[in-house]
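Residue numbers (our numbering), protein chains in the order written: chain C, 18 to 434; chain S, 50 to 1119; chain F, 3 to 192.
Don't take every hint at face value.
Under the rule of at most 27 angstroms between Cα atoms (straight-line distance), these lysine-lysine pairs were calculated in the DSSO-like manner [what the hints assert, rightly or not]:
| hint | chain 1 | residue 1 | chain 2 | residue 2 |
| --- | --- | --- | --- | --- |
| 1 | C | K294 | F | K118 |
| 2 | S | K474 | C | K126 |
| 3 | S | K245 | S | K474 |
| 4 | C | K126 | S | K245 |
| 5 | S | K859 | C | K23 |
| 6 | C | K294 | F | K66 |
| 7 | F | K115 | C | K294 |
I should point out that these hints are in silico values taken from the structure, not numbers from a laboratory.
Since we're looking at a predicted model, the values are computed, not measured.
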Amino acid sequence: MPANPKADQGFLLALRRWATRYCPWVGLEGADGLTLDITGSAHLFGDETAMLADMHHRLKRAGIAVRIGLGISRGSAWALAHYGTTSAPNDMQTALAALPVAALRIERKTDVALQRLGLRTIGDLTATERAPLARRFGPELLLRLDQATGVQSEDINPLKAPPHYAVRMSFPEPIGLCADVMAGVERLLVKLCEQLALDGVGARTLLLSLRRVDRDTQEVELRLARALHDAHRILPLFQRGIDTVDAGFGIDQLRLMAIQVEKQPVQQINHVSSGSKDQFDDLLTRLGARIGLENIQRFLPADSHIPERSFIRAPAAFSSPNDAWTHAQPRPIRLFPPEPITGDGSQPPPRFRWRRMTLTTGRATGPERIAPEWWMADENWRSGLRDYWRVETQQGRRLWLFYTPQNPGWFVHGEFA
Amino acid sequence: MTYAELCTTSNFTFLCGASHPEELVMRAADLGLAAIAITDRNSLAGVVRAYSALKVLKDDIPAEKLPKLIVGCRIVLRNSSVDWVALPTDRAAYQRLTRLLTCGKRRASKGECHLDLNDLMDHAKGTILIAIPSDLDTAQRDIHPVQRRFPGHVFMGAAPQYDGSDQAYFTACADLALRCSTPMVAVGDVLMHHSKRKQLADVLTCMRHHITIDQIGTRALPNAERRLKGHVDMARLFRHHPAAIRRTMEIAVRCSFELSELSYEYPDEIADGESPMARLERLAREGLKRRYPDGASVKVKALLEKELKLVAKLDFPAYFLTVHDIVQYARSQGILCQGRGSAANSIICYLLGITDVRPETIAMVVERFVSEHRGEPPDIDVDFEHERREEVIQWIYHRYGRHRAGLCATVIHFRSRAAIKEVGKVMGLSQDVTARLSGQIWGMSDGGADPEHIRELGLDMNDRRLAQTIRLIGEIIGFPRHLSQHVGGFIITKGRLDELCPIENAAMDDRTLIEWDKDDIAALGILKVDVLSLGMLTCIRKSFDLLTQHEHLNLSIATVPQADTKTYDMLCVADAVGVFQVESRAQMNFLPRMQPREFYDLVIEVAIVRPGPIQGGMVHPYINRRQGRENVNFPSEELRGVLGKTLGVPLFQEQAMQIAVVGAGFTPEEADKLRRSLATFRKMGTIGTFRDRFINGMLERDYDLDFANQCFSQIEGFGEYGFPESHAAAFAMLAYVSAWLKCHHPAIFACALLNSQPMGFYAPAQIVRDAREHQIEVRPVCVNASKWDNHLERRTDGALAIRLGFRQIKGFREEDANWIVAARRNGYQDPETVWLRAGVAPAVLERLAEADAFISMGITRRDALWQVKAIRSQTPLPLFNDLVDGESIHEPEVTLPAMHLGEEVVEDYLSTRLTLRAHPMELLRPTIPGLTPHDQLQHVPLGRTSVCGLVITRQRPGTASGVIFLTLEDETGVSNIVVWAEIYKKFRRIVMSGRLLHVNGYLQREGIVVHLIAQSIEDMSHRLTDLGHPMEEVIGITRPGTDDVPRGQHTSARHPREQAKRLFPSRDFH
Amino acid sequence: MQPKPLICFPLATSRVHEACGANAFKFAAISGAQNHTRVLWVRQAWQSDILHPIGLLPYYDPSKTLLAQVKNQVEGLTVMEEALRDGSVSLVIIELDQPINLTVGRRLQLAAKTGKTTGLCIIPEGMGSNAAETRWQCDPMFDPERADSTLMCWRLIKNKSGTLCDWYVRWDATKSNPADRIVVVSPPGE
């Protein structure tokens, strides 16, 4: 299985939260470990041994293989976890002395140099004069040694929980009117937006949970065309969603959560242009609430010779306009799935029937030869390369025809404006 | 009426053109084009390929049916949007063009060319210029001045765009042509010879832009229309402009310059009014007296007269004189050198001292060295000591001037590994996959990715993208990637070199190279001298120096006693570590069977263990005949003359050609074409017709079909890998000299060998081991005795001992070594005095301590390390300069544990890559039961046997159908292991990356050669940690010369204990 | 004879208009080229043909078009109404495949008026709504004179506030002034 550092990290964070059951102070230890400061917590489980046994038991049941070291300091715990036995040793100094010097969290270079000098265990080191050691390996080595033996103290950095944006209100009497719900949402929004603004973020997706007296919960999700923390702009956008809520016998609690937030840089005050932009964004949000935000799209140029792939449609709310349109050859305004017509040979047919019309070629320009993008398997281009012709018919219609020489056949692919 | 294509880009416009020049020419011939111009971007690098291809085609197709080749290039200027196709009309114009390109290339960095419109104006007289505008609207501004400067020579190129607007575009071109007064001419602006190359063209585009295929977008070719087209297609496109087609023919006719006109004049450095021929004759006759003090035989004299006549006839005396001058210079500087190549073993070269191989000793046919009909120049390569070749090169530059002397280019081609890496990257394969794909490639290979391995890697060959990638990898192999400097191919001209060929800057400072490689040079009949470097010459020269110094013997290659029985005895038992050419595993296995007794046996030995003869299946017949197990017979009396000296088995390139002549009725010219078609033009696929001719010819002359087929497959094998006899003889000479030195002066030879490293097949560890097996004392590096080089010390019993030098210490600098020697006086007392007196940095002291070089002071390695680690500052404080015994700050006494043997051994490897103490296997053997030491393999009963040892070599010869040969070293010697493909499949990872292997298998003995046929292999590398040192990974590192295994695969097997340290060994819980 | 000048074009704002005929898309594109900063084009998602932005390029920058993909005509009309009323998109184009009733037509007009915007319905022939301000029949014409012709015939077949008329029109993308790009020409053959 390939390494997946991100997943490992995620798992470690989850484990960290779980570990706070043993003590409040849990810190990450490198990329693959946790440190727990159990000072004053061990007695809750009986004693240290019992606490360790509990940890082992629970983790084993969860199918997680861990190594645990219990030490008198962060350094010794690390050493024992990585190189020692897992049960709590009775004589800490003896246990430490037997461990290899690598257990001191020293650089590999120093580790190797010490071993080459025959100083292999922590015990060997403690038995050696300190001054000559410091002279050759610098103070770092002695610091690490002291941290392991507990002579030097060392902190654990407990992690801060990620910010969580949610507000809630309960009603003494259940409410049922839309206007009442909107009023409640307004008060929640103001509170929530204060939090958001304080952190310089805006909500991109909001979730409103409405708890009914019968304990059923209704939810309204609001996806915004762009990150916002303006209560008065967000509020009207909730209207449509709230209209669809079935209040049943009444609602006794509202909970509003920003489930997706984005950094929102402090905006420059420029009412002239941003006014229209804001209004347009709100329109997008409202239309998005109706037909889905991803169904309002904009055209972006794409780099391909294949007509269908020379542009993409991207959700307008999640993309920025790009007007770098360049194209040497004209393209139709409408593309159809290729519609076969009869024609012989590689020159455009002089007359052909298309959509129950008989058309006469008045003028044909081409061919423009386009080969399939060989590196991708495109079903539509299975018939091989195409010779495209712009055909102006006597009847007025201007069509885009192609011929497939590798699988002879003629098709109408589009109509020019 | 027909059409001439005047604008084609070949793959010598690197990463752009998608066809070889040869392919373009062949396709042009198929299409019946009247002419084709190869016009690469600011380069003439591909034109000679096209020229040579045309020459090959002429063998089958009458010349008038072949397209004419127009030499030219596409000039891309920095300050113009118009590209110019430049087609010189005559030699003078061609010379201006090469000077133009040289000018642009010399002012740019390697591989680039910076030209401006002014340069074009200065150099384009007599050259047809076709404007290829990129934007019709702005082109007029750039075209106008050129048209005014070269009236009648400037044309407007109209290239179809295939975008649906061609007719409108041609109309616009015609309009512009009218306004500029530059008649319109049709050009194809061709990128490939066939539409099937479109995919490769796109891949090349991606490489050029450093993108993947999914990012290529509109940079991809929209279609495959930029291929070479015939007259009908072009006429249809230009149906409204027929004159534009006609004009291609007019231009083609005007371009009268041909590459064959580059009749090349060799410099004739006339001395004192003496003509070259007279000087050559004089020198040869002087040589006759020197070489044959007792008078030469009639035969020799006749030979000389014949050769002199031939040289006079072909007018090559100046060439021999030039080589002679170079060799003379080298001799005058004491630089050892030796000539080889077809002409080098002529009597003239022997007499001029270019070679020391007596021409009588080999079966050289005199005409062979300069074949009249081939019109090819004689071929002399001169090898020089590798450490001193640069002196010779600088002398050549100095003597002839940089404007007349230049180095050939070497075209660097895509080979398997680069192809997989680069195509894989473009096609979006993960680095992991490309690494694994190329991780299967042993050594150098052109085979691409092997489908079987792809399946073994768990990749699905039905996957479209993967299948495409594999196919494209195969297609790009052989494509030129860039030009590099040839190792030593000098070309020296009489006139200006830059009028022969464009010259560009090499990557190395102060070096320039011409755009053509040695095959191109040969194809044009231009003479070149190969100034090559050879490590063995360095070693031999150093041996001679040591002989003079220690034994008062003055020897040279020519005066080493010949036909020495003891030397041949030594070779017969494969005691050949360090001996030139015969020291490899394969050679050492062959020597006892070959039983060489005379010089010519060595010539055969050198020639036979080569891919050519092995592939041709000649080894067994020859050895059987030699050992008398098979009758020596000849298929015919005529062939007896050809094959007599080699017992009826063809072994040399010349013999193969003669079989074609004598046996299959080829004329010498045809035989030579056959050789050429085998060597250079395999991609043109002309070999088939030769095969039929050859087989039929032999059948007609009553040879049986089997023999005919066998001969032909031998010829095929020779094409690429065979040795000419003269070549083999030159190498055999060095093999003999080195063997003689090893036999009679083993200490001197080993010492010289060590001082010439890196060279040869073995690492210093094996050389030292071999020396000690020959009862030579090898003394360790010592701060009070060693010099930079290894040197010899006379023992009290009169024998010589080798004292290892500081150069054996990894990371040691010669300058530091010299300071240590210079400041040594009566010796150093402790590490600190070395620091103070020699002024070396503390890191150097650490290197010395690690190498245990203080042991003579009674300081153990560990104590020395402890002491020098305390020395931290970079330079000694002036205050301590006068302290004789380096007393400094007092610090508490520390007693470190004693280093045990295992640790010492690892430390030795770490510092010097060799140990004089104990082989690691000696220490590990007691704990690994059931092993047979190497020296017992000769005596134990045949059957299942186990050996264990460090991997020394790991090879998979291309000739041996997937068999891997390993050699394992234990404390008693080196064992040969054969791993058949089946077994390899099972143990691949171990075989590829193990450093200490335990092999169980069956013994096979033939005479003194013993092989173990592996049945099972176990990786014991982790046992090296038992030596008790944290850096055991330094043991068992092989070197590229002896190990074909794909590099970067050495994942040291982790000890289970190590693995247990990982906290999250799996993520099963997800 | 000098051709009659074009009336009722550019389309009046605060109104909803209709276009039909084979060149209705082109009419829409030319409408989009008339000083609109944003164009919302409402299409039903199931339609198999696609709008090609590069085909729009000769008329206006396709980047200012927003495409609303709706499930059906009813949803499309709701989107149109909301967008017209909002006012931040100045032109809303919808492709219709069924006739709309008068009520819906009036609601659209009202929305356009509120938002001071322009609406354009591309309708099948003969399916017009009485509420429309103008209705245009647009047909391409073959032009024997010039290749890549843009000649077409515009018939104003409904006009709430004036007379009806026919024009022959060409689009000249090379002109820099947008107003000059619509060239009214004499009928072919005259």
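Hint check:
1. C/K294 with F/K118: holds (17 angstroms)
2. S/K474 with C/K126: violated (35 angstroms)
3. S/K245 with S/K474: holds (21 angstroms)
4. C/K126 with S/K245: With Cα atoms ~56 angstroms apart, C/K126 and S/K245 exceed 27 angstroms; violated.
5. S/K859 with C/K23: Not satisfied, since the Cα-Cα distance of roughly 40 angstroms exceeds 27 angstroms.
6. C/K294 with F/K66: holds (13 angstroms)
7. F/K115 with C/K294: holds (21 angstroms)
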